[in-house]
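Trainee: These are the residues of each chain, in order.
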Amino acid sequence: DTGVSQDPRHKITKRGQNVTFRCDPISEHNRLYWYRQTLGQGPEFLTYFQNEAQLEKSRLLSDRFSAERPKGSFSTLEIQRTEQGDSAMYLCASSPDRGNNQPQHFGDGTRLSIL
Amino acid sequence: QQQVKQSPQSLIVQKGGIPIINCAYENTAFDYFPWYQQFPGKGPALLIAIRPDVSEKKEGRFTISFNKSAKQFSLHIMDSQPGDSATYFCAAITQRGADGLTFGKGTHLIIQP
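For the protein sequence lines, the chains are A and B, in the order given.
One gets our numbering by counting positions in the first sequence from 1 and adding 1016 to each.
One gets our numbering by counting positions in the second sequence from 1 and adding 9 to each.
Calculated from the structure, these hints are not laboratory results.
These numbers were taken from a predicted model, which means no experiment stands behind them.
In silico PhoX-like pairs for lysine-lysine, Cα to Cα no more than 25 Å straight-line:
id, chain 1, residue 1, chain 2, residue 2
1, B, K66, B, K24
2, B, K51, B, K24
3, B, K51, A, K1027
4, B, K80, B, K66
5, B, K114, B, K67
6, A, K1073, B, K14
7, B, K114, B, K66
8, A, K1073, B, K114
9, B, K14, B, K77
Chain B on its own, in the form it takes in the complex (with noise of 0.2 Å):
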């Protein structure tokens, strides 16, 4: 049972452009709820995390909006560079926190120049 879904699994945009990854969620336990960044070769990188007493959360470029009574949160990017082109992942962890961090299946970006 995937309890975290990823949407679109690749997205091109052109730079300057604002892509949306989005993400849909199943447990009603889900308490905490990060974007991490990934390069090849290297770890997931964390960019943003939001708590679902929050509907929108801003660091920089990258904005989280969260739609607890749709179980929705989703990633946007703003003024998108080349060098966001990476592969990003949506996760969702319990209060408990002992049971580790669910993950989407990520999603390929590739910004064009």
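The shape of chain A in the complex, shown without the other chains (with noise of 0.2 Å):
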């Protein structure tokens, strides 16, 4: 049984980059979320998708960041012109379609630092 996996472990950047993660979320969940951590701090979400479907999108998410999930099955969040403030944990979560309020499953995350 394979949890959430999520990749790169850690990115370091310069600013201005473009950098992109990925997230394979536990087979046939249906669910998929994606959340930033900063020190210190808890887990802030960032965007929903229901199967291929992006259904939610928080005010942190700039237009710098687009999430995408084309096939139902792996996501990716990528920002754009990386700043300063974005340097944080992001994370992937996953969960089944079964009703309301199932279990979120979360991945180890990739570190991101902006240089």
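Can you join these two chains into the complex? Each is in its own frame, and there are hints to help.
Mentor: Rendered as structure tokens:
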């Protein structure tokens, strides 16, 4: 049984560069969430997918951020023109679609450092 | 606006003691309340969760107490062990679920041997 997988685990890049992260959810989990976590804080919701449809976006998701889930399986989160404030842990979570409020299972995240 | 307030920020307990972490929420649309445990460099791991129609839930050494009228819930860890040292987050989500989990700011728990 594999859990949520995220790649890469760490990314260091210069300000202004574009970065892309990948999330592979637990097999057959239709719901996929992206969160951002900064040091000493709880994760903050960014966006939600039901299968391939992006149904919700937080106000935190500026227009430099874009997320996709093209075939309803893996998802990507891209940040364009990165800024210092983008430095954070980016977490992905998935849950089954068996009614409301199924438990979300998290990956170990991608830690982004902007130089 | 912080919708889930968590306390204390940090907690030190002797081995075998019962750490208690408290959370309070404001949004009455919240319908599901999970607790997560996070170790450094790892993602949050689901510990236990409760729905508001239940006042208490126990799984192993972890117990959630829930007070719907006060909009408060708490985590108790029985017979705490040094391996329980981690950061604990309470969270809440509405029935709709599409707006994601709202997390507290976390409690850094240290269990001393």
